[in-house]
Amino acid sequence: MQDTGKNIIIAGVGGQGILLFSNLLSKYYMKLGYELKISDVIGLGQRGGGVESHFRYSTKPVLSPFIKAGDVDYLLSFEQTETLRYLHCLKEDGIVFSSTFELTTSSVNTRLEKDMPESKTELIKQSGKKTFIIDPEENKSPDFDISKMMNIVMLAIYAEFRGYSHEEMMQIVRESVPEKFVAGNLKAYEKGISIARAELTDI
Amino acid sequence: MKMMNGNEAVARGAFEAGVKVASGFPGTPSTEVMDYTQQRYPEIYCEWSTNEKVGLEVAIGASFAGYRSLAVMKTVGLHVAADALGGAAGSQINGGLVLVVGDDVGRIAGDDYNDVRHYGNMFNIPVLEPSDSQEAKDLMIRAFEISEEYSTPVILKITSVICKTTSAVAIDDNITYKVNCRQKYKVSFSKVIMTTMMMNAKGSEHPKLTKCFNDFPAHMRQLAADSNDFDINKLELNGKKIGVITAGTPYFYTKEVLPDASILKLGMVMPLPEKLIRQLAEHVEKLYVIEDGHDIMEKNIKDLGVKVIGKELFPKFPDMMRFTPDIIEEKLVPDAPKRTLMEGIPFRLPVSCAGCSHLFISQILRNHKIKAAADVTCGLIGCFPHMESYSLQKCMGSSIALAHGYNVATDHKEKFVGMIGDGGFWATGINGLMNLIFNDSQSTTIIVDNSCLAMTGGQHVASSEFGFNYKPENKLEIAKVCEAIGVKDIVTVDAYEFENLEKAILNAVKSETNSVVIVQKPCVTKFKLPKGDAYSIDQELCTQCRKCINIGCLAIESKKGTDGKVEIVINEDLCVGCGLCSTACKFDAINS
Ligand SMILES: Cc1ncc(C[n+]2csc(CCOP(=O)(O)OP(=O)(O)O)c2C)c(N)n1
Ligand code: SF4
Ligand code: SF4
Ligand code: SF4
Chain A
1 MQDTGKNIII AGVGGQGILL FSNLLSKYYM KLGYELKISD VIGLGQRGGG
51 VESHFRYSTK PVLSPFIKAG DVDYLLSFEQ TETLRYLHCL KEDGIVFSST
101 FELTTSSVNT RLEKDMPESK TELIKQSGKK TFIIDPEENK SPDFDISKMM
151 NIVMLAIYAE FRGYSHEEMM QIVRESVPEK FVAGNLKAYE KGISIARAEL
201 TDI
Chain B
1 MKMMNGNEAV ARGAFEAGVK VASGFPGTPS TEVMDYTQQR YPEIYCEWST
51 NEKVGLEVAI GASFAGYRSL AVMKTVGLHV AADALGGAAG SQINGGLVLV
101 VGDDVGRIAG DDYNDVRHYG NMFNIPVLEP SDSQEAKDLM IRAFEISEEY
151 STPVILKITS VICKTTSAVA IDDNITYKVN CRQKYKVSFS KVIMTTMMMN
201 AKGSEHPKLT KCFNDFPAHM RQLAADSNDF DINKLELNGK KIGVITAGTP
251 YFYTKEVLPD ASILKLGMVM PLPEKLIRQL AEHVEKLYVI EDGHDIMEKN
301 IKDLGVKVIG KELFPKFPDM MRFTPDIIEE KLVPDAPKRT LMEGIPFRLP
351 VSCAGCSHLF ISQILRNHKI KAAADVTCGL IGCFPHMESY SLQKCMGSSI
401 ALAHGYNVAT DHKEKFVGMI GDGGFWATGI NGLMNLIFND SQSTTIIVDN
451 SCLAMTGGQH VASSEFGFNY KPENKLEIAK VCEAIGVKDI VTVDAYEFEN
501 LEKAILNAVK SETNSVVIVQ KPCVTKFKLP KGDAYSIDQE LCTQCRKCIN
551 IGCLAIESKK GTDGKVEIVI NEDLCVGCGL CSTACKFDAI NS
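Chains as they are written, first to last, in my numbering: chain A, 1 to 203; chain B, 1 to 592.
To be clear, the hints were calculated from the coordinates, so they are not data collected in a lab. One or more hints might be untrue.
As the list claims (entries may be wrong) - Some, not all, of what chain B presents toward chain A, calculated at C-beta under 10 Å:
| id | residue |
| --- | --- |
| 1 | PRO325 |
| 2 | GLY467 |
| 3 | LEU506 |
| 4 | SER558 |
| 5 | ILE570 |
The beta-carbon is built from N, C-alpha and C at its ideal position, and this holds for glycine as well.
My request is simple: use the sequences and hints to build the entire structure.
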């Protein structure tokens, strides 16, 4: 059956390249002829805030820029506290892709709030959804800085999962990032493919 | 088709409308309207003005000269410019005059929860509101046409959702930039001189005076009547059970959740198309108004004598933050499933960038328990509960006058300090400084000279060494201006020289006269300053007192290891080596 469209939430914290991620993905769906709406919700100008992008593509015109809770097909998250914030938005058969990276919130750092006692990774796994967890520590590489390029790794994983053309996706990366970062980004992309091929069978 | 966010689309609309002059002042969410205009359309004269009032006055002058002009600002900025708008409203328009105003619906940028449409009611001027990027471009052009045809300034209301949502816009690459002088000013005491020609005095109905009166209420009545036939107001008659009057992105929320509803979608939310509203009211059993922000359309519709359900069902701020399709579903769709957020997820307070000069100042104020007011700047993070360096924070440019007021009320016995950014200083803070000088006040002011408006992304100010119209000889010097104003005691220090800075602030506070401390350090993030060696924490020496965390630097974190043990660590990727944290540690645990 032809894919008539999906609702995706991309989540994380400032500085993780979420806007680049949704930009690259949008170019892919544009090429396929889909209609799109992408809404980037960024909090206060300073660093360390949460970033949330609502990404919708469809064969029909996309109406609301925000995805209703319960309508999310995929949650792609670069920070696990943020993953927890959107779990309830997933459809029954929605799927989570989450990095185990965690940036302690300033409220916990300063003891305004207590951190959750449970392991966040475990909470995600026990959410009752299909989950795919990526640990950047385990996937470090001398060829590129995974702490900065998780967005590209995630793009490759998502593309593999959806059965999209890596060649086209890499071409989009080449055309979109500054010349001097292309090589590193492509290494990150390849790493993403290999992570996906090794582990996606779980889903 | 091109993918554009709302800000980009508005800029494109300005280009296609042949705008000659764009002015204004930065403010989230609408700052990028100017950025895109300046970057993509060099034909248009662009300026960031010192504040919104000046920006709007520039645009009014350009419109008076016969050219299409626009002023961009956020809604709190229009509060500053409201006097200028009051002058323009009701007077004859030569070149189209459009205010692009960004409402921070849902407090996404964390500002005051205002609604620009109040100004439409207050000044009797039209307000247009797009619901996606395509409409943002189209309505921008339409706004100029309406401005000229009905001789009135027009507000284009955009929101944090419109500004940050990207969708396709049809772009004709063959369109070229066309600018023309529509009708030039006439030098006489005539219709362009505000509405003051209609005076509440006997004899003012003399024909020599009344012929000068610009009958703007009549223009608005005409516009209201014509708006029933405007294609930007769309009546979609569907099912008879539910009718909805809506505008902006809530139109799409409604369409998605209530596909069978009959909808009146307004592109112009003010004045209202009465005929269309009555037509919908007669068609449906129940009529709702679904609008973001305040209950303005609702009140205006009720004033027409039409029964609508609005805020009794959809509460307004502060009971509702961001309007979403979920809210409509919850209220109007029977048996909608309830979904709730997991409990106990910690909240993300914003943090300052590593190495920010504001952190040095906050730290010194707190260490010495100096009472101070913060301005609207990146430094206001120092007001948050984890820092508590400032006890007062109000509007842009206010801190100098706030401190002065406190000081005169307390007979200058406890010195209250005003901290302000360079942008806030030039915007309106400078008035506060002049005011305290000639009123013989002995206040202390800290001016944070980071060479830009950092909080809104680093736009230039009068003392920056860059900018759209920058020339070195026109750069204003903060110290020289303070001196000329008459400040007795002025020192300039580098933020990173902690001891000097501390001394300077303490001296200024102790000083018997009025004093200014200018703290220099370019914004680390905007100017990508070279990094020094990263600092690190010796876990053997660290007692986890968290004094270093409370300075508010993004690079310092408490981290839970896999064994559950917590450590206070410095993220070496983020650390710029400014050394501030090491001054906070009593146990000598932090070293480079
Ligand atoms: C009246 C008004 N206009 C605009 C804004 C948006 N705004 C918030 S902070 C800021 C920049 C402040 O710059 P500056 O005073 O130089 O302080 P910095 O952030 O650089 O420390 C602006 C323009 C506002 N809050 N209020
Ligand atoms: S943007 Fe500049 S002024 Fe604002 S917190 Fe970061 S370094 Fe400080
Ligand atoms: S201030 Fe020193 S002792 Fe206290 S938490 Fe920081 S490093 Fe540890
Ligand atoms: S030296 Fe300390 S305060 Fe300065 S950037 Fe590094 S961690 Fe932050």
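These are the hints, each one checked on the structure:
1. With a cut of 10 Å, the hint placing PRO325(B) at the interface with chain A holds, because the nearest CB-to-CB distance is about 5 Å.
2. Restraint check, GLY467(B) versus chain A: the minimum CB separation of about 20 Å is more than 10 Å; hint violated.
3. Violation of the interface hint for LEU506(B) is found here, the shortest Cβ-Cβ separation to chain A being roughly 26 Å, above the 10 Å cut-off.
4. Checking SER558(B) against chain A by beta carbon gives a least distance of about 5 Å; that is within 10 Å, so the hint holds.
5. A distance limit of 10 Å between C-beta atoms decides the matter here; for ILE570(B) the minimum to chain A is near 12 Å, and the interface restraint is violated.
Going through the hint list in order, the structure does not satisfy hints 2, 3 and 5.
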